[in-house]
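Undergrad: Residue numbers (numbering that gives the first Met the number 0), protein chains in the order written: chain G, 0 to 378; chain H, 0 to 378.
Treat the hints loosely; a few may be bogus.
Copies of the same chain look alike in the list, so a pair counts if it works inside one copy or between any two.
[Unchecked claim] Derived pair list, reagent style DSBU-like, types lysine-lysine, alpha-carbon separation capped at 30 Å:
1) 326 x 315
2) 326 x 205
3) 33 x 305
4) 41 x 8
5) 126 x 326
6) 245 x 8
7) 126 x 305
8) 8 x 126
9) 41 x 205
10) 198 x 315
11) 8 x 131
12) 305 x 41
13) 131 x 245
14) 326 x 41
15) 131 x 198
Keep in mind that the hints were calculated from the coordinates and are not lab data.
Listed here are the chains, written in short residue letters.
There are 2 protein chains.
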Amino acid sequence: MFEQGAQLKARHGAENVFDFSLGNPNLEPPDRFKEVLVDVAKASGSGDHGYMPNTGYASVRQAVAEFLSGEQGVSVTADEVIMTCGAAGALNVILRAILDPGDEVITPAPYFVEYGFYADNHGGVLKTVSTKSDFTLDLQAIQAAITPRTKAVLINSPNNPSGQIYSEGSLLQLGSLLTGEGRRLNRTLYLISDEPYRKITFDGVKVPSMFSCYAESMIATSYSKDLSIPGERIGFLAVNPQATYKEDLLAGMALANRILGYVNAPALMQRAIQSLQGVSVDATIYKKKRDLLCDGLSECGYEFVKPNGAFYLFPKTPIRDDVAFVKALQEELILTVPGSGFGAPGYFRIAFCVDDDTIRQALPGFERVLNGFDHHNTM
Amino acid sequence: MFEQGAQLKARHGAENVFDFSLGNPNLEPPDRFKEVLVDVAKASGSGDHGYMPNTGYASVRQAVAEFLSGEQGVSVTADEVIMTCGAAGALNVILRAILDPGDEVITPAPYFVEYGFYADNHGGVLKTVSTKSDFTLDLQAIQAAITPRTKAVLINSPNNPSGQIYSEGSLLQLGSLLTGEGRRLNRTLYLISDEPYRKITFDGVKVPSMFSCYAESMIATSYSKDLSIPGERIGFLAVNPQATYKEDLLAGMALANRILGYVNAPALMQRAIQSLQGVSVDATIYKKKRDLLCDGLSECGYEFVKPNGAFYLFPKTPIRDDVAFVKALQEELILTVPGSGFGAPGYFRIAFCVDDDTIRQALPGFERVLNGFDHHNTM
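Hey, can you work out the whole structure from these sequences and the hints?
TA: Take a look at the structure:
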């Protein structure tokens with residue numbers, strides 16, 4: 000997508016292409032990030048760019064654990080944290096550690112398309128289940144998908160692409176479900192929470208504490224979105240302090256981090272984020288973009304669930320064929336992603352981590368394409 | 000090993016432990032690295048910490064390709080280079096792209112123990128073959144190991160743990176062998192050259208150009224050793240411009256880089272190394288350490304092949320059981336690694352990327368342990 004967008008921009012001029020296709024945050028990192036980065040670069044002394052334990056610097060993991068304890072309302076220690084190359088690295092490390100060949104990972108759709116690759120990388124199989132019409136968890140669908148091969152449920156909240164945040168009530172129910180089914184199958188069922196958008200929420204909605212909802216849980220996350228530094232590949236994983244096989248899991252993940260070739264999360268960025276716990280971009284800026292986009296598209300006649308978090312909108316396509324609809328938008332030089340790429344045909348994803356002007360200027364195009372199809376439909 | 004060493008140092012005092020167990024370069028990065036790093040951190044502007052194409056910044060790949068062209072004596076373009084999270088990342092990306100389940104990868108022993116994990120990560124099987132007594136390539140052994148499942152030969156020169164550099168003559172012969180066997184099996188046999196120690200060579204010995212020796216070849220490398228920045232995870236892979244399936248290979252590797260969760264090599268370090276092509280630590284400092292160690296151990300009576308590159312010495316153990324010998328050294332607070340960890344029992348690895356004083360002060364201990372076993376042997 001990155002390359003495709005670049006080609007269109009080269010042909011038509013960047014200012015004439017409305018690129019909503021990428022989850023590349025357009026906000027600059029907070030000023031504090033840049034200050035810390037320069038400080039850390041200047042201060043780097045003996046051995047500071049060398050290897051450290053595969054799990055990361057002890058002092059960095061300590062800082063992360065302290066912040067995470069407050070966020071989760073559960074006391075997490077440095078031993079339960081492993082620094083990783085972003086959330087994508089964390090997920091690969093977790094899956095490498097827990098999956099046996101043929102193991103199934105259940106994820107509610109719509110979902111981040113890379114999950115399928117991540118499970119496949121490590122001999123697993125991704126099984127998708129539907130969500131309710133407002134993209135909240137359908138627990139019956141999850142229960143129906145559990146088999147003796149199920150190893151984990153993987154959730155992403157705030158969700159890419161829907162922006163939905165799963166409620167504490169539904170997560171507690173999911174925890175009970177996994178406890179019960181695990182007991183029935185005599186098998187630990189893990190809950191993996193991929194939450195890089197945790198700090199980007201709107202209207203006072205908060206992402207519940209996963210560690211409080213289910214003991215056999217682990218978190219994969221990154222600083223990519225809340226510090227606007229996705230190219231730097233810095234994140235972490237954490238295992239619930241109450242997980243039954245905590246020590247084995249963490250030992251397996253430390254090994255996986257090494258043998259998958261990450262070895263360790265980048266040293267300099269580890270030292271930077273140590274001083275940036277709790278620092279985040281201003282989520283109200285994304286909220287304004289969401290409102291601008293939602294108000295505009297609503298007026299045109301698009302149907303969607305207003306997102307509470309992340310920077311994605313996932314409207315219905317007015318025709319069944321979402322790929323054809325996205326192509327029609329492309330004719331207007333509006334770049335989006337078909338819902339079938341997220342296991343949800345009949346929808347399309349608009350990433351609104353773009354300039355306000357891009358949103359404003361694209362609205363007429365969105366309207367023309369929608370009207371074009373309405374016209375066809377009534378013929 | 001990192002953790003074990005740390006524990007011993009905590010117990011006995013760091014100054015009393017002689018840690019030769021880790022390939023963590025003790026030389027500081029060149030001054031120029033630190034200057035560039037601070038400059039890059041200060042100069043970071045709009046989008047500089049964001050996503051870029053999964054293969055890396057075009058300008059960085061261009062700079063790498065130009066330097067590599069000179070080094071290999073073969074014209075390499077930016078399109079043939081992918082920036083990676085170190086050489087370990089590069090190897091995982093290459094193997095993910097080329098291996099089908101059950102495919103075999105042949106590597107000459109002694110070898111870097113992680114290779115077995117890397118092949119296994121992607122459904123492959125590592126097959127080791129012996130080298131000659133001086134650790135040079137045994138082409139007959141390689142030929143004998145080739146089967147219809149063979150996909151690649153993986154070499155590491157300068158070698159970890161032996162420090163051996165394979166000659167141009169032997170690589171040309173290896174190329175001919177792989178061409179012939181590939182034709183016989185109707186199958187492309189790849190040569191993967193893992194060469195992070197390329198710039199650390201002694202006595203005027205140079206590492207031959209892999210791209211000149213065999214068309215179906217690829218390079219995995221990093222800046223970890225020549226800039227002393229292994230914790231930063233920055234390296235690259237390059238595919239021979241003459242490789243038959245070059246475009247498919249590069250497309251597969253770009254995808255593998257993404258789906259393995261690396262996504263891209265760390266942005267800031269990419270921009271730093273763009274300005275550091277050809278900059279390297281002073282290899283003559285490692286040469287002095289080699290000489291200090293080799294002279295000292297030779298006087299004690301240890302037997303070894305003097306290494307031409309890297310910063311490892313791989314002597315014979317005076318008893319067959321290399322693990323027992325390494326444990327005996329540990330009693331003297333000398334930390335090394337048994338050869339069986341490199342597929343070569345009866346040897347042990349000494350990483351001499353340490354202070355000169357560590358080498359000097361450890362020599363009496365090395366001598367006592369050797370003499371202790373000589374005494375036993377004659378009883």
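Undergrad: For each hint, tell me whether it holds in the structure or not.
TA: A quick look at each hint next to the structure:
{"no.": "1", "hint": "326 x 315", "in the structure": "within (15 Å within a copy, 66 Å between copies)"}
{"no.": "2", "hint": "326 x 205", "in the structure": "neither (36 Å within a copy, 54 Å between copies)"}
{"no.": "3", "hint": "33 x 305", "in the structure": "neither (33 Å within a copy, 47 Å between copies)"}
{"no.": "4", "hint": "41 x 8", "in the structure": "between (37 Å within a copy, 29 Å between copies)"}
{"no.": "5", "hint": "126 x 326", "in the structure": "within (28 Å within a copy, 49 Å between copies)"}
{"no.": "6", "hint": "245 x 8", "in the structure": "between (49 Å within a copy, 27 Å between copies)"}
{"no.": "7", "hint": "126 x 305", "in the structure": "within (26 Å within a copy, 55 Å between copies)"}
{"no.": "8", "hint": "8 x 126", "in the structure": "neither (37 Å within a copy, 48 Å between copies)"}
{"no.": "9", "hint": "41 x 205", "in the structure": "neither (37 Å within a copy, 35 Å between copies)"}
{"no.": "10", "hint": "198 x 315", "in the structure": "within (26 Å within a copy, 56 Å between copies)"}
{"no.": "11", "hint": "8 x 131", "in the structure": "neither (37 Å within a copy, 57 Å between copies)"}
{"no.": "12", "hint": "305 x 41", "in the structure": "neither (44 Å within a copy, 39 Å between copies)"}
{"no.": "13", "hint": "131 x 245", "in the structure": "neither (33 Å within a copy, 45 Å between copies)"}
{"no.": "14", "hint": "326 x 41", "in the structure": "neither (48 Å within a copy, 41 Å between copies)"}
{"no.": "15", "hint": "131 x 198", "in the structure": "within (24 Å within a copy, 58 Å between copies)"}
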